[in-house]
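> Given next are the chains, with one letter for each unit.
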Amino acid sequence: MVEQGWTMEERYLLGNEAIAHACIEAPVDFVTGYPGTPSSEVIDVLRSQEKRSSYIEWSVNEKVALENALAAAWCGLRALCTMKHVGLNVAADPLMTSAYTGVTGGFVIMSADDPFAHSSQNEQDTRCYAHFAKVPCLDPSTIQEAHDMVRDAFALSEEFCLPVIFRPTTRICHSKGDVILGSPVVSNRKAEFKKDPRQYVVIPAHTRILHKKLNEKQSVIKKRLVELGYNTCEIKGKWLVVTSGIAAAYVREILPDNVSFMKIGAYPIDESWLKSFVRKHDRVIVIEELSPEVEDQVRQVAGDIPVYGKKDGYVPLEGELSLPVVAAIMVKAGIIPQNPCPDAVPVPNLPPRPPILCAGCLHRATFYAIRRVFNDAIYPSDIGCYTLGLQLGVVDTTICMGASITVASGIAKSGEPRDVVCSIGDSTFLHTGIQGLLNAVYNNANITVVILDNRITAMTGHQPNPNTGHTACGIESNPVSLEAISRACGVSFVETVDPYDVPSMLEAFRNAKARKGVKVVIARQQCVISARRAGIKRGRFSVALDVCTSCGTCIRFGCPAIEKGEEDKARINDLCSGCSVCAQICPAGAIQREVKR
Amino acid sequence: MSMQGYNVLIVGIGGQGTILASNILGEACIIEGRHVKGAETHGMAQRGGSVESHIRIDGLFGPLIAPKTADLLIAFDLLEALRYSHYLSTQGEMIANRHLVLPTSVYTQNIAAPQEPEIIAALKKYRLCALDADQIAQDAGSPLSANVVMLGAASHALPLSPASLLEAVRRSVPKKTVEVNVRAFEKGRNAGGSCQR
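Note that the protein sequences, when read in sequence, are chains A and B. When we follow the numbering used here, the leftmost residue of the first sequence carries the number 1, and every step to the right adds one. When we follow the numbering used here, the leftmost residue of the second sequence carries the number 1, and every step to the right adds one.
Some hints could be false.
Listed below are several chain B residues computed to face chain A (Cβ distance under 8 Å; list not exhaustive) [to be verified]:
1. Gly-26
2. Ala-39
3. Gly-49
4. Thr-104
5. Leu-144
6. Arg-189
7. Asn-190
8. Ser-194
Listing some non-contacts, in silico: residues in chain A with all C-beta distances to chain B over 10 Å [to be verified]:
9. Glu-50
10. His-131
11. Leu-210
12. Glu-271
13. Asn-439
14. Ala-534
Keep in mind that the hints were calculated from the coordinates and are not lab data. Think of the CB as a built atom: it goes at the ideal place given N, C-alpha and C, for glycine as much as any other residue.
Construct the entire structure; sequences and hints are all you get.
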């Protein structure tokens, strides 16, 4: 290890920036992941370092990412794999068995949970996966703790020879605070794979032994986590409040001096340690987000002591906690006499401002053409910016990454008589869409698949994918051909069109509608944000008020650059990116590109 | 209840620079050696949606400000000022940009929307300083500096010295834009100083 210049430094950082810095302090050698809010910035920070001693990739999906990183850890390197909670479902297969094989190099799997589903399809709890897989899990309650836990997690993984799951939540990843950082360290570890089939080839004869070894490790891990002090208890009175994660910060802010406080930061919890503290109290309440993971264990050791929590309705089973919510729980339980947070009522009936597709977004133009041609169809869709097509009436289903094509073929094969037209982004198609396409073709489904190809993973912050043409660290790489993949899956109708060319889009969809089988239309245009960053400038458009008939066609198109002005005539504002689609759909021809004078 | 620390809520529309503004306040706290906690909106919610940045100066615990406990609300859009006004404490102060962008849904779904005079009237019950940050930013040399104009206007209320805030602006904005942003901060500070309170 070679230490660079400085030591201890205090900075105001995003949780994910602090986590990334901790990886550089560890130091990490090998980093993989798939973008997903709230986890994405960790790799984005690591890959934007000017100098780095680690290998970094954005992988095509979480399973691929986890297996790559696992292999690096088998070679003795320190490996990090990042994803959001639902990504761990995709990576669950290798996760479960990686606990059997174990690792030699430190392996940290960061799976970021999203209570309240701020940007997610569900509120699952990564701690349950750790429990299920029998691997240790670290759960930070502050940004500083997140930093310190990640820095130490690699060594912990090496000590236990097991992957360690690190599980921050949105309010850690996307919170900010003053953080004390350590020194960056340059790694000089060399990878070496030591052949050991009994460890790495999980045939039944081997895996039975590996499972026994994994079970034997559990009590050692529990004892060690107690020694390391991740789980703490301050005895102050007869009431005990047990917390974990960000809930600990909310509880601390309002906890009376005569109430005991237990914070769980690491799993599995040692039952005898837990029992010894719980049994010193008359009453216990467990305040945690998502699943009653700690509560279940407290109930198991509490004996006759009353335990309050999610199972008896004191703590909500869904959503995220906050200071007012935690205060209300503590009032209900009788720990504090009244809620210190004042009641406040938002101003009613304000027009909502949900997120919206950008002005000039290719997805809006594509959705418009889909609606024009397939006006009475079923529209399965997928996960990405284009899920916002819900507002345009062209998103009927989303479940998980890649499920647009499979749901489309399922609906079509069910015998639903209407046309089925699904939409999927390029990154999502490459993530888990291809298998669904292959399956639909092989089983002769009648569907139209629209690949919304903006050549980037836009929603999570513009991470490159194999369709972009460069890797996570900016090294040029041949972009994959979506047309070739579609043809290789057996699709004979593959058409690529520019969403800004409305007549061509309409023609492609009409051709697709007229045929049987699986038809693929690739709607290709750069993401309007990438285009702006690349310096592409198209002239703005404006409305000739004497020609505008106030028909509302462009208003209904839903572009944030188009407003309704006087006499309900359209007005184009500064957000206009010059895509020209509104000018093409205006029946009166009232929208023209502005001529610079 | 008097909450610990000084709570600042910055609200606006995704893309208006609330995150940079929050970074500047956080940096100023580091310069003054003070604790700070914050939380903000990332991911898809940013795409033109309503966004909020919480900053708790001298904060030691959670990053979120509870409703009715913000000491200062800085609103980059007037409609967002109204939307988040219930976060302000009874004694709190509001610095709002007079500029108003109506959500697209107002046009596509014909939803009734309040106009500037109505919103200003509704906000008068708070200690309000409303200014045309867009125009001031234009005068400073870049319409993109409206967020820093707003911080300049807010600097009279913030428990941070103007020198720390200016240094934080210099450290936080892109190098090429330091001059414009310093000017934006000063013009904003002047405008905030002449606000009736």
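> It remains to establish, for every hint, whether it holds in the given structure.
Here's how the hints hold up against the structure:
With 8 Å as the threshold, the beta carbon of Gly-26 (chain B) comes within range of chain A, its nearest partner Cβ sitting at about 3 Å, so the hint holds. Against a cut-off of 8 Å between C-beta atoms, the interface hint on Ala-39 (chain B) holds, since the closest Cβ of chain A lies about 5 Å away. Given hint, Gly-49 (chain B) at the interface with chain A, holds; its Cβ is 4 Å from that chain's nearest Cβ, closer than 8 Å. A distance limit of 8 Å between C-beta atoms decides the matter here; for Thr-104 (chain B) the minimum to chain A is near 5 Å, and the interface restraint holds.
The closest approach between the C-beta of Leu-144 (chain B) and any C-beta of chain A is roughly 12 Å, which is over the 8 Å cut-off, so the hint fails. Of the supplied interface hints, the one on Arg-189 (chain B) is violated, with its beta-carbon coming no nearer than about 22 Å to a beta-carbon of chain A, more than 8 Å. Taken as an interface hint, Asn-190 (chain B) does not check out: its beta carbon lies about 26 Å from the nearest beta carbon of chain A, beyond 8 Å. Given the 8 Å rule on beta carbons, the hint for Ser-194 (chain B) is violated: about 28 Å separates it from the nearest Cβ of chain A.
Distance check for Glu-50 (chain A) against chain B: the nearest CB is about 15 Å away, which clears 10 Å, and the non-interface claim stands. The claim that His-131 (chain A) lies off the interface holds: its Cβ sits roughly 26 Å from the closest Cβ of chain B, which is beyond the 10 Å cut-off. No beta-carbon of chain B comes within 10 Å of the beta-carbon of Leu-210 (chain A); the shortest separation is about 38 Å. Under the 10 Å C-beta cut-off, the non-interface status given to Glu-271 (chain A) relative to chain B holds; the minimum distance is some 30 Å.
Here Asn-439 (chain A) stays apart from chain B, with its beta-carbon at least about 28 Å from theirs, past the 10 Å limit. Every CB of chain B is more than 10 Å from the CB of Ala-534 (chain A) (nearest about 17 Å), matching its label as outside the interface.
Hint compliance for this structure: hints 5, 6, 7 and 8 are broken, all remaining hints hold.
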